[in-house]
Amino acid sequence: MGKDGLEITLNIVKMLVIFLVMVQLVPVLVWLERRVSAFMQNRFGPNRVGPLGLIQLLADAVKFLFKEPFFPEKGMAVMYYGAPIMALIPGALALAAIPLGTPFHLEEADWNLFGFIPLGHHPAYDFILQGYDFGVGIVIVLGVSSLGAYSLLMAGWGSSNKYSLLGALRASAQMVSYELALGLSLVGILMVFNTFSFYDIVAQQNPANPLTFNFLGTVHTMPWWIPNWGIFYNPLGALIFFCASFAETNRLPFDLPEAEGELVAGFHTEYGGFALLMFYIGEYGHMMVASALMATFYFGGYTIPYVSNEAVATFVSNTHHFLGAFDLSIHSNWAAFVTSLCFFVSMLVKILFFLLIFIWVRWTLPRFRYDQLMDLGWKTMLPWALFNTCLTAVWLAISHKPV
Amino acid sequence: MLSSQDFLFYFLGALSLIFGLGVVLYRNPIYSALCLVITMISVAGIFATLDAWFIAGVQLIVYAGAVTVLFVMVLMLFDLKHEMKTFSKGVIGNGVKLASSGVLLGMFSTYIWATYATEPTFKPMAAGATSSIKATKDLATSLFTSYLFAFEVIGLLLLVIAVGAVTLSRITGGTHHHAD
Amino acid sequence: MNNQVLFAILLLAPLVGFLINGFRWKSHNATLAGTIATAMVFISFLCSLGLVSQLFGANAVPSVGAKFFDWINVGGLQVPAAFVIDHISAIMVLVVTGVGTLIHLFSVGYMSHDERPAKYFAYLNLFLFNMLLLILGENLLLMFVGWEGVGLCSYLLIGFWFTDADKAAAGMKAFITNRIGDAGFLLGIFTLFFLFGTVSFSEIIARLPNLAEVGWSGPITLACLFLFVGATGKSAQIPLYVWLPDAMAGPTPVSALIHAATMVTAGVYMIVRLNPLFLLAPNALHVVATVGCATAFFAATIGLTQWDIKKILAYSTVSQLGYMFLACGVGAFGAGLFHVMTHAFFKALMFLGSGSVIHAMHEEQDVRKMGGLRKYLPITHATFLIGWLAIIGIPPFAGFFSKDEILWQSFSSPLGNKVLWIFGVATAGLTSFYMTRLMCLTFWGKSRVSKDVHPHEAPAVMWIPLAVLAVLSTVGGWIGIPAVIGGGDNWLERWFEGVIREPSAFGEPIHSHTLEWSAMGISLSLAVIMATLAYTFYVSNPSLPGRLTQKFHGLYRLIYNKYFVDEFYFGSLINPLVDASKGLWAYVDVNFIDRTTYVIGDVVRGVGSTAKSIQNGNMQQYAMYIALGLAVTMFLILR
Amino acid sequence: MPINPAAWKVGLDHYLYLSSLLFVFGMLGVLMRRNVIVILMCIELMLNAVNISFIAFSRYAENVNGQVMVFFVMTIAAAEAAVGLALAVTVFKKFREVNIRFFEHLKG
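Top line first, the protein sequences correspond to chains A, B, C and D. Each residue of the first sequence is one higher than the one before, counting from 17 in the numbering used here. Each residue of the second sequence is one higher than the one before, counting from 187 in the numbering used here. Each residue of the third sequence is one higher than the one before, counting from 88 in the numbering used here. Each residue of the fourth sequence is one higher than the one before, counting from 30 in the numbering used here.
Do not take every clue at face value.
Subject to a maximum C-alpha distance of 20 Å in a straight line, what follows is the list of computed EDC-like cross-link-like pairs (lysine to aspartate or glutamate) [as the list claims (entries may be wrong)]: (1) C:LYS154 / C:ASP251; (2) B:LYS323 / D:GLU91; (3) C:LYS538 / C:GLU451; (4) B:LYS323 / A:ASP271; (5) D:LYS38 / B:ASP192; (6) C:LYS538 / C:GLU450; (7) C:LYS254 / C:GLU202; (8) B:LYS323 / A:GLU84; (9) C:LYS538 / C:ASP453; (10) C:LYS254 / C:ASP453; (11) A:LYS178 / A:ASP271; (12) C:LYS113 / C:ASP201.
To be clear, the hints were calculated from the coordinates, so they are not data collected in a lab.
Sequences are here, hints too, so could you generate the full structure?
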């Protein structure tokens, strides 16, 4: 959890921040979804409440808060109330593990909050834009995301409703089987990058050096305009990963569990009010994690495409004078802070881009039947993922990529 | 004062013990299954405190994520209506069982106390992130060099188990048997 | 042809005969089976002639031998399957094969109506093979094999008509009594092997110490006593003679061959073979002599009162065997063997004669229903007459020379004494009385034959052997004419010189001729007197014996019932044994042994059922046991 | 209460005590419970206890064999759970109730 008091507190604060980011982002996404779906259906979507309907988010939140919490008569209280909480945990933990920006270094100084509250003297500290740096990040992320199935099961069982139980079982079966495909598809790219830690992966996708393939000794460098991203090393893995992530989050093409006529809302039929909202948060959390992973592995993470990391750092320091006017007490770390901010913005843009695709796909593709769903999962995704792993292994062996 | 590592160990240890006992004592199997989940997660945490991050991750994926889900799903499928007695009958039997486990526990602890009375402390691991990657690399290399045969056999075993489980579950007869 | 081949043919011919007849045992063709059997025995007779001839003539060889293979070669015990004919066994082999051939010829006629002739001839040939083994064997073990074989064949032949219960019982009785004797013989072989480390005759004799033993407990005396027990069993002496009279249940030629000529003399032959050994144990010889003399006298008395023709001859055989043992007992081994030969001739003659009488009288054996058969069976009568004259010891015939030699030796030999001679002479008198009685009751006197029986003379194949035997009975004696009569020395003695030793170690025999002549005169006159007495008893006035028996009623009944020896044996040995075992069975077996087995069974079942309760399928209980076991082991290890 | 920091410093024995306690809990569960599924869960518990001690020793002895062993134990445990549950399902299908006693019918 950290070597000393400062680090522990900082870690806790970061966890809270990330959790809040996840929670706050959800209304935006809901709004975005309603707008985009409306746009795609050639209608307007919420635009009455505030400019472009942005206040609609607040209205929804208030509505959910004041809904009457209702508990099914023979339901199991622990399960019923535990399920929504369980839905939030995996999303938050997974997001904490993904680096959202470059770490920046704080010199040794005595800090004071907002310039006047003394926080005491503290040694140099590398502030990483990440919840906590697990060494083997991806394994932890996969592990945590597999816990998602429990919230469904608890919800299904707790609401003691036969149909919600059926929905829950189907959903968890789907999650478990697609988790397999998810994990295996990543193996390919991990072999290429030869590491589990997110920082190394992103570092290897540094736009400074162009995309290079060496094939039996001869090195082919791609034209400058193709960024040095992971997707070009392992396109098939990216495709499988993206599709599997749809299934993981029960997003549309795979949202069968709550789609049947009699299953209505699947495992969260008996929930209303804020509990239902928590399930949405959980779902969107998973989506964010999936898109964050997508970005980190295949689209260069927080790097800005055509601009190398050092270029950004120099640019910021040049503009430093111009911004000098706001002489904040920690100005000495100012440059590092701003550069990591830039990277954070690029990461955010990428994540939003993928979320857009999630939403976009939701309103285009029809739903799978359950057996098609399962067949796809076991009989196509899994074999292809294995094939991809073997392919990359062979390709790596041939291309003698320096290990 | 306690280092974070120690605190984490005591917290997770207590967690796993309490919910471990919960697994055994809860009358309703569903609750004991959920206790098992929490125990698994806390054990994964304990692995983390022992700087075995990859194994912690695998534990989360395999145990917490798959095996216990299987348990919970099967229990839900059974949907036991009537609640049966949780513990097996026979006072003497139970007495002997308790006694033997007590003696066993006593033996374990005295043995541990006897051999490790000198407070063996762990040598500090290398700095956080990088070392866990190296540990994972070592694990992978040893798994695929010295224990390659075992790895292959385990693969084969899993195949056999899969086939076995399928055939077992396909056994017709019993309540749902419909002459087809 | 060298000796090896001759010996092989000699021995194997009867065996081949046995195998041929054995495999065709169901056939009813008596003549075919008979001719095969007789031919085989005749072949072995010719071979023995060929071999014995090598002992005569210019380049006479003391003994002729042949070794076939190493039968037993274990540590100290080397027993080669080797056979030897020396001066002693020459005589025996000639007698056995010669008389054997004649008897085989006779039984062709005698067994012609039997329904299993092939089986009979097979047994007979097997008997001959075993007898040859016994005689020619170079060591005690081979002799023992023959000894057992012969016992077996006598059992088979006595009980030949085993469908009849008491004939089978007689066979069994013969076999068991023989076995008792064989046990003694075996112990004798063991002691000899223990003493001399070898079982071969020549080696034993070579390794004998040259000083005679004194007292009873010496090893050699012990060995000799054991061997003598074997001899009594086989040659029917006092304690173990009971089987011979009952052995008459077998067919008559069998009695002739086995119970007159060959098998019963095996005991005497064995002692004569080991005479140097016996000479080293004077006390043993005394035992032999006394038992021999007692058996002779005892059997002769029983012979007086018997009515069955074959029983009379059986008891006469027992008494004559007594004579032979008496001869050996006093150290006159040569005389003993000489009497064996002569007895073989006339006893076989008489048995075959009685056979043809029985054959003629259609299986009638009781002399009270015979009489005056002279007219009907002239040849049988003539030959029987010669046999009778030989047995009571009338000079020109064989019996006189051999019996007289024995009597003289018992008188004159250093080992002999007066009492033995007196009993000997008395037995000779008794013998002539009951033999003449037999002659009167069967051939002379009034015919008591029942109306429906028409005795007819025996066919040629039966009376030829009778004639040959008659000639042999007369001529046989002349080879052993004592020096005092025939001038020159006794041919037979010179023949046995190399092999049979004189009891000179115990003092000088009496050499006075006058005593010899007087002893001869006494025995001859006694024989003639007793013969005339018997003639008057049974022919001139037949009622005399009836009145005599009334007067000495008690004595008569005692003798008639054979001194109740059988009953005594049953009473003292057999029945208590049987009752004891019944008692043991009833009490010990049922109560203790069965009871304990049942108890053990119940205990095991009890333990089993308690143990069963552990495996009741309750898996948690199994887990509990595992846990318990783990706890206990941990406790024990880490305590 | 005086916290004696040395005593509270986590060493190898702490992990071993923890794992033996968990193991005994699992064992008690296996011995006492009647429901087959719960028994299987308790077996999983015991296996986890063993895993803890494996990792503790591997960390203490600074070599990676312990982790390899845990890797294998996990696969075996998964396999065992699968077969166990399949059996439980078949038993349930026949007897409408999952109770360790029903395995008695399998005894010879």
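Taking the hints in turn, this is what the structure says about them:
no.	hint	verdict
1	C:LYS154 / C:ASP251	violated, 44 Å
2	B:LYS323 / D:GLU91	holds, 14 Å
3	C:LYS538 / C:GLU451	holds, 13 Å
4	B:LYS323 / A:ASP271	violated, 38 Å
5	D:LYS38 / B:ASP192	holds, 7 Å
6	C:LYS538 / C:GLU450	holds, 15 Å
7	C:LYS254 / C:GLU202	holds, 17 Å
8	B:LYS323 / A:GLU84	violated, 53 Å
9	C:LYS538 / C:ASP453	holds, 15 Å
10	C:LYS254 / C:ASP453	holds, 17 Å
11	A:LYS178 / A:ASP271	holds, 19 Å
12	C:LYS113 / C:ASP201	holds, 12 Å
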